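Participant: Could you build all of it, start to finish, from the sequences and the hints given here?
As they're listed, the protein sequences go chains A and B. My numbering applies: residue 1 is where the first sequence begins, and numbers increase by one. My numbering applies: residue 1 is where the second sequence begins, and numbers increase by one.
Keep in mind that the hints are not guaranteed to be accurate.
No copy is singled out in the list; a pair is fine if it fits within one copy or between any two copies.
Below, in silico cross-link-like pairs of lysine to aspartate or glutamate (DMTMM-like), each with a Cα-Cα straight-line distance of 25 angstroms or less [stated by the list, open to error]: (1) K209 with E238; (2) K257 with E304; (3) K224 with E186; (4) K23 with D269; (5) K257 with E37; (6) K224 with D269; (7) K209 with E37; (8) K18 with E144; (9) K209 with E271; (10) K209 with E293.
Simulated from the structure, these hints should not be mistaken for laboratory data. Predicted model only: the values in this text are computed from it and were never measured.
2 protein chains.
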Amino acid sequence: MPAIDGARLLRDLYAMRKIGEYKTGVHRPTFSPRDVESRHWLAARLSEAGLDTSIDGIGNVHGRDPTPGRKLLLGSHVETQNHAGWLDGALGVIYGLEAARTLGRGIDVAAWADEEGHFGSFIGSRSFCGLLTEAEIDACANRETGIALRDALRQAGFSDRPRQTMDRGRYRGYLEAHIEQGNELEGRHLRLGIVTAIVGSRRYRIAFKGVQNHAGTTRMSVRKDAGVALVKLVAGIEQRFPAVAGPRTVWTTGDIKLHPGAPSIVPGDAELVFQFRDTDPAILDTLEASLNELLAEAARGPCEVSVMQRGTTDPSAMDPAFQSALTAAAQHHAPNLHQPMPSGAGHDAQILARRLPSAMLFVPSIGGISHHYAENTDDADIVLGCQVFADAAASILAAE
Amino acid sequence: MPAIDGARLLRDLYAMRKIGEYKTGVHRPTFSPRDVESRHWLAARLSEAGLDTSIDGIGNVHGRDPTPGRKLLLGSHVETQNHAGWLDGALGVIYGLEAARTLGRGIDVAAWADEEGHFGSFIGSRSFCGLLTEAEIDACANRETGIALRDALRQAGFSDRPRQTMDRGRYRGYLEAHIEQGNELEGRHLRLGIVTAIVGSRRYRIAFKGVQNHAGTTRMSVRKDAGVALVKLVAGIEQRFPAVAGPRTVWTTGDIKLHPGAPSIVPGDAELVFQFRDTDPAILDTLEASLNELLAEAARGPCEVSVMQRGTTDPSAMDPAFQSALTAAAQHHAPNLHQPMPSGAGHDAQILARRLPSAMLFVPSIGGISHHYAENTDDADIVLGCQVFADAAASILAAE
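Facilitator: Here it is as structure tokens:
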């Protein structure tokens with residue numbers, strides 16, 4: 001198998017890190033000036049590597065191998081969470097670039113727009129897979145600034161371009177490399193993770209409606225305290241979920257808001273966002289049933305309960321043959337320092353997996369830190385990961 | 001006993017309601033242009049009633065009877081909570097004005113600045129009682145806008161004036177009338193409440209420090225979820241407090257904040273504001289001991305717990321002779337339609353009670369609604385309350 005150029009790989013990753021540098025990390029939210037700059041920078045590198053390169057109408061960067069034959073598609077994303085890490089996304093894209101340069105042919109590279117969800121949910125990879133309607137684009141807006149996606153695309157200079165969609169016959173499949181974003185590899189002194197499946201998630205926005213009142217004059221017996229009702233639900237979840245969850249299930253109450261949120265006012269309204277994740281759809285169903293029981297119990301209390309939003313992502317199994325190719329390459333370069341593992345985070349690979357055989361490779365995150373500027377991976381692990389990734393890509397292409 | 005002029009009373013209350021009118025209520029936060037206007041309007045009415053009138057360096061409006069002899073001080077406040085009721089505060093001040101007009105002599109009237117706590121805690125009545133230092137004034141700022149109290153006083157035109165302090169020998173005592181802000185009188189079909197004591201309160205701002213992390217990749221066993229730790233504390237309070245509380249104890253978690261408050265991030269920080277109130281200091285001590293136990297249990301969990309602020313207000317007993325005077329007047333005008341009761345809300349009377357014999361009269365709140373623009377009291381109850389208030393004032397003055 002051809003050897004990657006580790007120095008070139010790191011040079012490109014460091015160049016990318018400079019675009020929107022923030023402390024030791026990067027602040028490059030989707031379609032911000034720095035994000036747009038990084039897409040043009042990447043397009044230039046892909047062109048230099050001999051690929052036909054374009055940025056399409058949703059902001060996806062595509063580098064296409066002009067030679068004949070079926071291709072392997074390699075990709076990830078370039079935008080970041082706010083004030084976040086330098087490798088989350090960029091690593092997989094630059095791995096793709098380096099693999100294309102190393103293998104010489106058979107590789108297409110993509111940077112999917114907005115994996116980090118500043119405007120929507122996987123809009124870049126879904127657009128490419130034919131899963132994003134014009135109506136949904138119309139409805140998307142930045143979760144913080146409220147700026148419409150259409151306006152952001154116009155400002156970025158991408159709005160008058162066509163959206164590229166997948167020619168399924170072109171592709172053998174899809175591979176994505178990513179930092180682990182957890183500390184399991186590090187904790188076990190392993191250097192590579194081969195993803196078996198990407199978790200599915202269920203997401204909820206739950207509201208309680210009580211009666212706002214004076215915290216001094218309203219006796220306990222007549223209160224309809226929306227905050228207390230909310231706390232009882234969350235405490236109930238923490239009590240019951242461990243018994244019905246799987247060994248790797250995770251569940252999170254990410255936010256709680258009480259209204260009006262004043263020291264001396266009994267809250268009349270309360271809201272929380274809650275989610276859980278697992279690779280097993282049966283476990284997801286069991287957890288949802290348990291949540292629904294708790295909601296029904298809450299509804300028998302003094303406050304009204306309503307589920308304002310539900311969201312669902314199905315678990316995605318990774319392709320067994322691709323997993324084997326990644327495992328063989330890992331075993332060759334780092335004997336017994338790799339493991340199969342699920343991905344607890346969502347990735348574009350879960351979208352691509354609906355159209356193509358897909359798989360993912362993880363490299364360790366130091367201290368498990370992610371979505372924070374302190375996120376990092378050892379240089380040696382970065383280089384090793386890319387070699388394993390390129391080897392697996394070569395063996396998949398050779399297997400045809 | 002002389003009869004009040006009910007039409008004049010209501011006319012003045014309605015005039016006051018126009019200053020900062022909001023829907024059926026009033027938006028007149030402390031030292032807002034409308035609040036300053038209301039202070040000047042009140043000062044003009046007190047002057048018309050023959051009182052020596054001034055607004056002092058903390059914004060208190062004083063109307064002083066120029067005739068010789070000891071006085072009874074009647075007062076309340078004119079500013080409101082945001083978008084709140086028209087009677088909360090204004091009722092007691094206009095009762096004072098009407099009593100001064102009706103009795104002709106022996107009455108001083110005061111409108112204490114900022115009872116509603118936009119800038120601090122009872123700064124007006126505490127200033128008058130010699131309980132507010134210049135250093136505390138320096139430190140006070142608007143809880144919403146952050147504007148310094150000094151700047152607000154300057155803008156209001158009050159900053160270059162002296163602060164009036166109490167000449168204790170001048171006063172026989174202090175009386176304050178107020179809406180009940182609860183629904184106990186209404187529920188029992190009563191028209192007047194004679195306050196026995198104002199509750200004391202203990203207030204806390206409690207913070208949890210955990211570790212912020214990715215909600216998909218961070219396994220449950222290694223999480224330090226500040227939000228979950230907070231929820232367990234509040235659920236613990238709801239479970240244990242009923243057993244140790246008194247029959248009229250109230251406790252409230254008024255606000256909860258999770259940081260960063262995103263759906264897919266395990267909260268690294270969480271904060272709540274909590275308070276409880278009772279008229280019995282022994283019960284307050286028992287509740288605090290129970291809270292401290294729960295905090296100690298929480299500290300043995302995965303997150304750090306800290307109490308960032310504690311605040312204490314002692315319960316204030318009302319003067320028995322003044323209660324008798326109010327009860328006798330109530331029994332005369334509304335036989336058996338009155339009751340003794342504690343005040344669950346704080347009032348300036350609890351500050352004045354530290355210097356002077358003090359008492360309070362309550363009139364019913366329709367539906368118990370308070371701190372909301374829908375707050376209201378039946379006109380007949382407003383007029384009845386003022387007559388009882390003036391009668392009691394006259395009998396207290398006559399008793400000397």
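Participant: Under the constraints set out in the numbered hints, which ones does this structure not fulfil?
Facilitator: 5, 7
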